[in-house]
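Student: Sequence:
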Amino acid sequence: MPLRHPAPDLTLNSQFRCKATGYHNLDEMSASDAAQCHALRKSLLNLPQELHDRIYDLTFTTAPKIRIYKPGHGDLVRQVLAELHEKSPSNIVVFDERLPHLLHVSRASRELFAKSYFGGDGAVFVFYAPVKIWRVPIEKCHWELIKDARVAFTNSHYLVNWESRQFKNERAFNYPGKDVVDRIPIQWHHHIERLIKRRMEAAGLEQLRPSD
Numbered sequence: 001m002p003l004r005h006p007a008p009d010l011t012l013n014s015q016f017r018c019k020a021t022g023y024h025n026l027d028e029m030s031a032s033d034a035a036q037c038h039a040l041r042k043s044l045l046n047l048p049q050e051l052h053d054r055i056y057d058l059t060f061t062t063a064p065k066i067r068i069y070k071p072g073h074g075d076l077v078r079q080v081l082a083e084l085h086e087k088s089p090s091n092i093v094v095f096d097e098r099l100p101h102l103l104h105v106s107r108a109s110r111e112l113f114a115k116s117y118f119g120g121d122g123a124v125f126v127f128y129a130p131v132k133i134w135r136v137p138i139e140k141c142h143w144e145l146i147k148d149a150r151v152a153f154t155n156s157h158y159l160v161n162w163e164s165r166q167f168k169n170e171r172a173f174n175y176p177g178k179d180v181v182d183r184i185p186i187q188w189h190h191h192i193e194r195l196i197k198r199r200m201e202a203a204g205l206e207q208l209r210p211s212d
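All residue numbers for the sequence shown refer to UniProt numbering, where the first residue is 1 and numbers rise by one.
Please note that the accuracy of each hint is not assured.
Below, in silico cross-link-like pairs of lysine-lysine (DSSO-like), each with a Cα-Cα straight-line distance of 30 Å or less [claimed, not checked]:
id : residue 1 : residue 2
1  : K65       : K115
2  : K87       : K147
3  : K115      : K70
4  : K197      : K65
Bear in mind the hints are in silico, worked out from the structure with no lab data behind them.
With the hints as extra help, turn the sequences into a complete structure.
Tutor: See the structure below:
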């Protein structure tokens, strides 16, 4: 009886194809991440089918989180986000998260995990200005999966020429496409604080401390 989920293909240990961007080179991964990928492939191959399928589903799905990307410059913005980071639980909010190594185990598992990570119900991706969208580690093929992406501002200074200077660079390697860019809403920082507060309340956690 065939496995409900295909076993990882051990021949795909150096690169996987992403429809929109071509090959993703695993040689660029850290040694520890690459080792974890190989170990996981081998472990899954030796499991009974029922256990394999159960572990496969649990391993290659993830709880939805609010993922925030900080700008490379802008001292005031980074200070505000440092304060937000300090008072936000990591099971609700993560900052500048590297893409998980589970995206690189096999084609089938990559697809399953990507749908959960990028497109799962409740997954939110927030980009604080003046972050540049092409510096965010999201491939073009994964932008299509994101249901909730937002651009956030801490003050009106960065609103100036926002569309022409930031997300609108069509020559950028990771440019997600005009259709994606045009549907990303702009919000203020307090909207993001309220979003986090609601998530914390739903999880029965302590509320965010009010901003000074």
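Student: Now tell me if each hint is right for this structure.
Tutor: Hints, verified against the model:
| no. | hint | verdict |
| --- | --- | --- |
| 1 | K65 - K115 | holds (13 Å) |
| 2 | K87 - K147 | holds (26 Å) |
| 3 | K115 - K70 | holds (23 Å) |
| 4 | K197 - K65 | holds (13 Å) |
Comparing the model with each numbered hint stated earlier shows that all of them hold.
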